[in-house]
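Protein chains in written order, with the numbering used here: chain A, 7 to 200; chain B, 394 to 577.
Source of the hints: derived by calculation from the structure; they are not laboratory data.
Predicted model, so just to flag it, every value in this text is computed and none were measured.
Cβ coordinates follow ideal geometry from the N, Cα and C atoms, glycine included.
Do not rely on the hints blindly, as some may be mistaken.
Unchecked claim - Some chain A residues close to chain B (C-beta under 8 Å, calculated; not the full set): (1) His27; (2) Pro28; (3) Ile29; (4) Val30; (5) Ser32; (6) Asp34; (7) Pro35; (8) Glu81; (9) Phe82; (10) Tyr85; (11) Val96; (12) Pro97; (13) Ser171; (14) Phe173.
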Amino acid sequence: MNIMKNLGIVVLAGFLTACAHPIVISPDPTTLAKASERIDRNVGLVITQADKGVQITTPGGGGDNISYYPYKDLEFGIYSTLSSVFSNVVPLNALDEKQKIAQQNLGAIFLPTIQTTSSSESMFTWPPTFFSIMIDYRVVDPSGEQLSSGRVLGEGRAEFSEFKSDFALAAKRAGTDALNKLKDKLQSSHAIRK
Amino acid sequence: MIRNIVVVACAGFVMGCSMTAPQYTPSVANIGQMKAIKLTPMAVEKVVPDAALGSNNESIGLRASSLSSPTGSYSSYLEEALKSEFQAAGLLDQASTTKLSGILVKNDVNVGGFSTGDSIVEARVKVMKAGTVAYDKLKTATLQFESSFAGAVAIPKGRDMYPVTVQKFIEVLISDNDFISALK
Chain A
7 MNIMKNLGIV
17 VLAGFLTACA
27 HPIVISPDPT
37 TLAKASERID
47 RNVGLVITQA
57 DKGVQITTPG
67 GGGDNISYYP
77 YKDLEFGIYS
87 TLSSVFSNVV
97 PLNALDEKQK
107 IAQQNLGAIF
117 LPTIQTTSSS
127 ESMFTWPPTF
137 FSIMIDYRVV
147 DPSGEQLSSG
157 RVLGEGRAEF
167 SEFKSDFALA
177 AKRAGTDALN
187 KLKDKLQSSH
197 AIRK
Chain B
394 MIRNIVVVAC
404 AGFVMGCSMT
414 APQYTPSVAN
424 IGQMKAIKLT
434 PMAVEKVVPD
444 AALGSNNESI
454 GLRASSLSSP
464 TGSYSSYLEE
474 ALKSEFQAAG
484 LLDQASTTKL
494 SGILVKNDVN
504 VGGFSTGDSI
514 VEARVKVMKA
524 GTVAYDKLKT
534 ATLQFESSFA
544 GAVAIPKGRD
554 MYPVTVQKFI
564 EVLISDNDFI
574 SALK
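Please take these sequences and the hints and turn them into a complete structure.
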């Protein structure tokens with residue numbers, strides 16, 4: 007009987023450890039701050055299909071990992087943030103969509119790069135208690151010449167009592183923090199107003 | 394003893410619990426497509442459940458867990474998704490005489506398989522233009538996705554694929570030439 011019980015525990019532990027738990031890190035759109043004024047400019051946003059397919063695995067708690075698609079999950083948040091700062095935002099699949107860039111009269115194109123980290127202080131639960139999202143960005147004109155660049159770092163924390171109903175809460179908070187900082191940074195950039 | 398408590402606590406994380414589907418996030422690809430084809434702004438009215446939908450309007454079974462809608466029902470989830478997607482594309486005008494409504498017919502996520510899962514959202518969408526029917530069709534979105542034997546992976550995956558299925562449904566709708574013609 008003891009052997010069966012221990013075997014059951016080992017099998018169950020095997021299910022619960024050494025796997026990457028899928029989460030979605032998209033921040034709640036209602037938590038994203040709006041810019042105080044809009045810059046009258048048509049702007050492109052490039053997140054390629056290849057970017058959207060990038061799956062990242064980082065540590066969670068209890069020896070487990072978490073996995074997610076940072077570009078796919080943050081795409082609407084970035085689009086929404088840019089839409090709050092600029093009068094018109096057009097999604098692009100690549101920087102070389104020259105015809106679309108000309109047709110839509112895009113004066114600037116936003117190119118983000120995303121890096122993430124995560125961790126947990128918990129030995130028994132897998133959702134992360136800490137998450138960080140760093141967005142490096144370049145803003146270029148239609149010829150590819152750089153107009154501006156920058157970096158924002160968003161951090162989010164969540165305790166067990168909070169994340170038991172939303173395992174990705176720390177990540178979502180990090181996304182909100184990063185995007186709100188991005189909004190502030192873009193709004194104060196003189197180079198992309200020209 | 395402690396080991397057993399840990400196992401039970403962990404098991405509670407993956408089995409027999411009730412979860413809420415993620416809040417809907419509009420698809421940037423859908424927004425871009427809608428902006429490009431320049432549809433008429435419209436009002437989104439009620440999406441109601443079909444009588445045959447049964448309890449899947451309130452809750453979807455994911456193995457021993459259940460997935461409920463953050464809006465109270467999945468028909469209202471679809472209604473809110475349509476509103477947020479059209480709003481993000483600048484096409485929502487609740488005062489418009491062009492009015493979209495729907496009936497949710499099928500709504501399910503299946504993570505019972507060992508390696509793949511699938512999902513379906515099917516709804517009849519009607520567009521009224523100044524009191525006359527401009528569009529009335531049944532549209533279906535299905536997805537297949539990678540899943541796992543382990544409930545700790547399969548159940549959250551199924552939960553996260555629900556809003557992706559709704560995004561796909563809206564993509565199917567706005568890619569229908571009859572829908573585009575009705576809203577030009």
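Outcome of the hint check:
no. : hint   : result
1   : His27  : holds, 6 Å
2   : Pro28  : holds, 5 Å
3   : Ile29  : holds, 7 Å
4   : Val30  : holds, 5 Å
5   : Ser32  : holds, 5 Å
6   : Asp34  : holds, 6 Å
7   : Pro35  : holds, 7 Å
8   : Glu81  : holds, 5 Å
9   : Phe82  : holds, 5 Å
10  : Tyr85  : holds, 5 Å
11  : Val96  : holds, 7 Å
12  : Pro97  : holds, 4 Å
13  : Ser171 : holds, 7 Å
14  : Phe173 : holds, 7 Å
When the structure is compared with the earlier hints, no violation turns up for any of them.
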